[in-house]
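One line per chain: the protein sequences are C and D, in this order.
Take 1 as the starting number for the first sequence in the numbering used here and just add one per residue.
Take 98 as the starting number for the second sequence in the numbering used here and just add one per residue.
The set of hints was computed from the structure by calculation and includes no laboratory data.
Where hints are given, some of them may not hold.
Stated by the list, open to error - Straight-line Cα separation of at most 27 Å, DSS-like style, residue types lysine-lysine; simulated pairs:
| id | chain 1 | residue 1 | chain 2 | residue 2 |
| --- | --- | --- | --- | --- |
| 1 | C | Lys-26 | C | Lys-80 |
| 2 | D | Lys-142 | C | Lys-80 |
| 3 | D | Lys-217 | C | Lys-80 |
| 4 | D | Lys-169 | D | Lys-217 |
| 5 | D | Lys-209 | D | Lys-169 |
| 6 | D | Lys-142 | D | Lys-217 |
| 7 | C | Lys-26 | D | Lys-169 |
| 8 | C | Lys-26 | D | Lys-217 |
| 9 | C | Lys-80 | D | Lys-209 |
The structure displayed is predicted, hence computed values, not measured ones.
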Amino acid sequence: MLDVALYISLLILSLATLTCLFRVIKGPSMPDRVVALDTIGINLIGIVTILSIIYRTQAYLELILLIGILAFLSTVAFSKFIQRGVVVDHGDSTDDR
Amino acid sequence: METVQTIAEPVIAILILIGAILGALSAFGLIRLPDVYLRAHAATKSATLGVLCVLGGGFLYFVFFERLISAKMLLGIVFVFITAPVAGHLIERAAYMSGVPMWQKSVRDDLKMAIAEERKSRPQTEKSQA
């Protein structure tokens, strides 16, 4: 029973990721694409968890943390870039908004 | 241990199924909602809750079936729980500041008034932006 539920959830999450990919390609503005990419990263964490249960292994558990950190950092970098056009702030800007 | 596994198996299956369905709902909202702010509402809330359900199910699986309390997985749960709303907030702020239009039927824009008041109280900021 657990295996059937795992395969169904894997299918659902894969379809959700494909749907987010549609928004990444079509999205009318840049923040739309970044939001969709963030959601793809979060869905990937779920997919990796389900895969590690299906294969009965602990080897993929590092990937959960790794993908989470990468998705968060890429979203922060993209939002800094969209807001001001620079990613790394050297402190010479007076407006910190 | 056999009995505990028998009890834990449907709980894990239901948790993971709920998580996957929440992920599908968030993808559906990402497609259907009209502007970027409403889309982020779908993406950050329900996708985070869905992946938390999936991660909780995986954690319970490794506890009851492999006799392993995975600290990496706990760390991943806490990290996703903290950072996903922060990332959503940051990207929406960037979208507002870069002038992405709201939906025509939106009724309130509190951030606009707040920014205008702050500009009025700190005029040098406006000069440096111009």
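Does D/Lys-169 sit within 27 Å of D/Lys-209, going by the straight-line distance between their CA atoms? Violated. D/Lys-209 to D/Lys-169 sits at ~42 Å, over the 27 Å cutoff.
Check the hint pairing D/Lys-142 with C/Lys-80 against an upper bound of 27 Å on the C-alpha distance. holds, 22 Å
Below or equal to 27 Å on CA atoms is what counts here, so check C/Lys-26 against C/Lys-80. OK: C/Lys-26 and C/Lys-80 at ~22 Å, within 27 Å.
Sort out whether D/Lys-217 lies within 27 Å of D/Lys-169, counting only the CA atoms. Given that 27 Å is the threshold and the Cα spacing comes to 48 Å, the pair is violated.
Within 27 Å, alpha carbon to alpha carbon, are C/Lys-26 and D/Lys-217? Violated, because 38 Å separates the two Cα atoms, which is more than 27 Å.
For the pair supplied as a hint, D/Lys-217 and C/Lys-80, is the alpha-carbon distance within the 27 Å limit? holds, 25 Å
Against the 27 Å threshold, does the CA-CA distance of D/Lys-142 and D/Lys-217 hold or violate the hint? Answer violated: D/Lys-142 to D/Lys-217 is near 34 Å, above 27 Å.
Take the C-alpha atoms of C/Lys-80 and D/Lys-209, compute the straight-line distance between them, and say whether it is at most 27 Å. holds, 20 Å
Proposed proximity, D/Lys-169 with C/Lys-26 (alpha carbon, max 27 Å): Judged against 27 Å, a Cα distance of about 36 Å means the pair is violated.
Consistency with the previously given hints fails for numbers 4, 5, 6, 7 and 8, ordered from lowest to highest.
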